[in-house]
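Trainee: The chain contents come next:
There are 2 protein chains.
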Amino acid sequence: MTADKETVAKLRAERFQRVRDAHQMELAEDYVELIAELIDRTGEARVVDLASYLGVTNATVNNTIARLQRAGFVTSKPYRSIFLTEEGQALAETSRERHELVVHFLMALGVDEFTAEADAEGIEHHVSEETLQAFRKFMAKKKG
Amino acid sequence: MTADKETVAKLRAERFQRVRDAHQMELAEDYVELIAELIDRTGEARVVDLASYLGVTNATVNNTIARLQRAGFVTSKPYRSIFLTEEGQALAETSRERHELVVHFLMALGVDEFTAEADAEGIEHHVSEETLQAFRKFMAKKKG
DNA sequence: ACTGATAGTTAGTTTGTGCTAAACTTGTTG
DNA sequence: CAACAAGTTTAGCACAAACTAACTATCAGT
Numbered sequence: 001m002t003a004d005k006e007t008v009a010k011l012r013a014e015r016f017q018r019v020r021d022a023h024q025m026e027l028a029e030d031y032v033e034l035i036a037e038l039i040d041r042t043g044e045a046r047v048v049d050l051a052s053y054l055g056v057t058n059a060t061v062n063n064t065i066a067r068l069q070r071a072g073f074v075t076s077k078p079y080r081s082i083f084l085t086e087e088g089q090a091l092a093e094t095s096r097e098r099h100e101l102v103v104h105f106l107m108a109l110g111v112d113e114f115t116a117e118a119d120a121e122g123i124e125h126h127v128s129e130e131t132l133q134a135f136r137k138f139m140a141k142k143k144g
Numbered sequence: 145m146t147a148d149k150e151t152v153a154k155l156r157a158e159r160f161q162r163v164r165d166a167h168q169m170e171l172a173e174d175y176v177e178l179i180a181e182l183i184d185r186t187g188e189a190r191v192v193d194l195a196s197y198l199g200v201t202n203a204t205v206n207n208t209i210a211r212l213q214r215a216g217f218v219t220s221k222p223y224r225s226i227f228l229t230e231e232g233q234a235l236a237e238t239s240r241e242r243h244e245l246v247v248h249f250l251m252a253l254g255v256d257e258f259t260a261e262a263d264a265e266g267i268e269h270h271v272s273e274e275t276l277q278a279f280r281k282f283m284a285k286k287k288g
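Chains as they are written, first to last, in my numbering: chain W, 1 to 144; chain L, 145 to 288.
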């Protein structure tokens, strides 16, 4: 009944694979989330602001924006500010929701807000829908 | 009373910085964890086995092992199997504990084992000590 | 309208993490 | 002991994500 060694290895390998793929997505999510927030708060998303919030140089932001544009999440023209495509907006939306859910969940567990925010930043990209559902359930029970 | 914009940006930037640094550590943790497990189970850690469990090619494992050796986590000699340094063993130990804690916590929340394992693989590297403590507390309460 | 400050871009480098293909060891076995 | 299979290593490539330094564009104030 116990699965053979190869199958076990393959399953394990898939998990690592998934984490690696997720990493590809993380930057995109962080960027679109932040871009959405900046547009919302200040009316536009500029390279300098992204850079200062992300803690990287302008050059890095520029580089990344180019990749995100290739990937279809943002549009940008030289010396103009950055906008989200529909796809980018959708990604930003779900990212924000997930981020907030994770933060609230951690706080409901007793973690202080500062740490919750910090941990959520790393965790949010790796939580499956099923686990999110378990988080929601926990919070509902807590309230009820 | 509300902190000025620069301070807010700096705090946020530190969070992203921390996540980026954590990424540096992830591979190391995954490797030493797996190496420890293989040595424990089969008596040695070989390149092929690591490759098959991680879902990458032998060449990639070789490459990474070289880096981990430079970083002081493992020792290896050409055509011989791989060993952990003391530092590597310590890292493997704490990684394994954290991994199991996260898995058990997710399962205690009602997530099924398969998903718990998969999610833990991504999450474990981003959980602060404080949050781990909150996980422990939750599980203790649940049992009690 | 000019000019200096601020913002954005480009070029070139580094490091990490992956790949394939080819070469090389090692150990087994006919 | 020669040959072969399995395992390991090397070389060379590619892309992502960061950096610095140098350049260019924009815009606000005089």
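Calculated directly from the structure, the hints in this document are not laboratory data.
One or more of the hints may lead you astray.
Stated by the list, open to error - Here are some chain W residues pointing at chain L (derived, C-beta under 7 Å):
1) Phe16
2) Gln24
3) Gly72
4) Ser76
5) Gly110
6) Glu130
7) Lys142
To be verified - A short list of chain W residues far from chain L (calculated; beta carbon distances all over 12 Å):
8) Arg18
9) Asp30
10) Ala36
11) Gly43
12) Ala59
13) Arg70
14) Thr75
15) Lys77
16) Pro78
17) Ser81
18) Phe83
19) Glu87
20) Ala90
21) Glu97
22) Phe135
Just so you know, these numbers come straight off a predicted model, no measurement behind them.
Think of the CB as a built atom: it goes at the ideal place given N, C-alpha and C, for glycine as much as any other residue.
Trainee: What are the numbers of the hints the structure violates, in ascending order?
Mentor: 2, 3, 4, 7, 8, 9 and 22
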